[in-house]
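Please work from the sequences and hints to get the whole structure.
Just so you know, the protein sequences line up as chains A and B, in that order. Residues in the first sequence are numbered from 1 upward in steps of one, following this note's numbering. Residues in the second sequence are numbered from 1 upward in steps of one, following this note's numbering.
By construction, these hints were calculated from the structure, which means they are not laboratory data. Backbone N, C-alpha and C define an ideal beta-carbon position, used for all residues, glycine too. One should not assume that every hint holds.
Which residues of chain A face chain B? A partial, calculated answer using Cβ under 10 Å [said to hold, decoys possible]:
(1) 63
(2) 66
(3) 78
(4) 128
(5) 132
(6) 135
(7) 160
(8) 208
(9) 234
(10) 413
(11) 482
(12) 483
(13) 550
(14) 554
(15) 556
(16) 560
Computed footprint of chain A on chain B, listed as stretches where at least three residues anywhere in the stretch have a Cβ under 8 Å from a Cβ of chain A [to be verified]:
(17) 4-11
(18) 17-27
(19) 45-56
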Amino acid sequence: MNRSRVGVSKPALWRLVFVAFCLFVLSGLLISRLVVLQVIDRDRGVGFLQQQGALRSVRTAEIPAYRGLVTDRRGQPLAVSTPVVSIWANPQQLRDSADVVQLATTMGQTPEALAERINLYSDKQFMYLARHQTPDQARAILDLGVPGVRGEREYRRFYPAGEVVSQLVGLTNVDGEGIAGVELAYNEWLRGQTGKKRYLKDLHGDAIRNIGVIEQARSGKSLALSIDLRLQYLQHRVLQRAMVETGAAAGAAVTLDARTGEILAMTNHPVFNPNSREGFDYAATRNRVVTDVFEPGSTMKPLTLVAALESGEYTIESLIDTSPGRVRVGRKVLPDPRNYGEISVSRVIEKSSQVGVTKMAQQMGHEPILEVFQRFGLGEPSSIGFPGERSGVLPNRQRWSDIEKVTLAFGYGLTATPLQLAHAYAVFANEGSQVPLTLLKRNEGESLPIRQVISPEIAGQVLEVLNRVTGSEGTAQKARVDGFRVGGKTGTVHKVGDAGYLDDKYVALFVGVAPIENPRFVTAVVVDQPKGDNYGGGAAAAPIYSAITDGVLRLHNALPAESHEARQLVGLGGGA
Amino acid sequence: MTLRVLPACLLAAALCSALAVVYSSHVVRELYSKQQSVEYQQWALQEDYSRLLLEHSTLASPHRIISIAQDDLAMQPPQLSVHRLVQFQGGQQR
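Rendered as structure tokens:
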């Protein structure tokens, strides 16, 4: 009785239906929630969930880009990017690892030092163990298979020419961005575009699957400079040797091709080694040729001569009376080394006579002289786009005292860089016209914006006078080059200190043009604070010019002066 | 009739598409691994290239050339007195 009542009770069916209904509703709820999360609600559902998932597993990595090559005009490399590997690690994984000892010895460090560094980063997820290892070194470290230690491909910049072009080419920082010199000036051109790729990682951070490249890495473009490395090396060697001989604090030299405006060589002292950052001296990174200004002194006298010749009141043979060897201007007496008597304008420049130039300046007034300086590009930027490039200053004042009018004529009261000086003299070497300067190699047959500064006749006359400066009566006999006719002008300037001009500190200058028959190469040399008695431009700077020009002419196969005469005798003309 | 064919067609299409997905992802993986190996090759070649470039410029550096010419070979710049100007007969002068 009891059994049958339990077995077929009516309420049992009702309960079954109820439970089934509940389960159905619940699963319906679950499914509808799933639909909402996966399909309908994009912001807080699908999007959010996918994002959270990606955050935990998908990573993007950078693909390093190759930085362009910097070469000289003949294709010799000056800056090269080479592949290296940076070793990094997760300090969390490395902290208690027994492999630290082995790792340290492979890297050439003491285990204690490495352990200390790992401790320093103990709350981080990332630390560099060793940056910029050569691929072989890196392989040795990575082959140990220490968990948590990984390699990352990078590029490192090498400078094969080292200190010879250090200030010019400049530097990149550890991340491959230009921070000085050409590397900085043309950073946008040289740098590549870093690419991006995406990959999946596992719990330990190891890449398990690459998803694909999002952005291809693009290599930087290479850059050919106007520099000739052979010439640069020669200039560097001559300058460094001269610095030792004269005991000077600093020096700079630059050589231009006056026809194309290309800078063929540009060197400085002191130098630094761009391949090593140990004992790095920031002062040595300055490219003095473009960043340092000084008063050009007597090297401006040929420009004053231009003003005199243009005024029509003088020819190079006009006579000027320089007796008694000194002249009073205002409260100041300007002396010559001795009484030259009555001498020609040409001889005034040859001897660098203060009295002669003063008399010419007093006759002409300062306006035409200042105007000529302006026309030659002084006080204007040389615009080669070099970082830290300066333009010097031309005086621009309302009232001029008598002494200021005169000292302008021999190069005091204005400032210029060595590059500007060389560019001004390029006018004499290029039949009176000036071509914009460039640090980049010009293409063959490129049309150049030529600016006629003075007439070819006057340029020729000044060139003749410049040649005589290196003659037997001139101040720059040490500038002569065996077998060639060269011309130039010396300058010796008092340095400026806290209390005006210093009596015992000088800057020695020489700017020259070569060869006279077929002028093309202009070289400016600056020697800062030469020691001893040979502090003048003719003694300290002219020999440097001579040695540099000797090499320039040889490398360009210039015809010696005598063979020039021989060719003219047989009617071949004087093309080089 | 159409009511019976349509689902069959859809089922076949879905099956084809599923297989195509499998196939294309296989191709992608293959191409990607090929790209990786080519990229690795490029890296290795670049490594060689820049090493050779550096070696070349070290060997051809003016410093080395001068020291070999002067010290090992006892060479010197020609004196002006030994220069000879040679003329081309009717040739073009440069």
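Okay, the hints, checked on the actual structure:
| no. | hint | verdict |
| --- | --- | --- |
| 1 | 63 | 9 Å, holds |
| 2 | 66 | 7 Å, holds |
| 3 | 78 | 9 Å, holds |
| 4 | 128 | 20 Å, violated |
| 5 | 132 | 13 Å, violated |
| 6 | 135 | 6 Å, holds |
| 7 | 160 | 4 Å, holds |
| 8 | 208 | 13 Å, violated |
| 9 | 234 | 7 Å, holds |
| 10 | 413 | 41 Å, violated |
| 11 | 482 | 5 Å, holds |
| 12 | 483 | 4 Å, holds |
| 13 | 550 | 9 Å, holds |
| 14 | 554 | 7 Å, holds |
| 15 | 556 | 12 Å, violated |
| 16 | 560 | 6 Å, holds |
| 17 | 4-11 | violated (count 0) |
| 18 | 17-27 | violated (count 0) |
| 19 | 45-56 | holds (count 6) |
Checked against the numbered hints above, the structure breaks hints 4, 5, 8, 10, 15, 17 and 18 and satisfies the rest.
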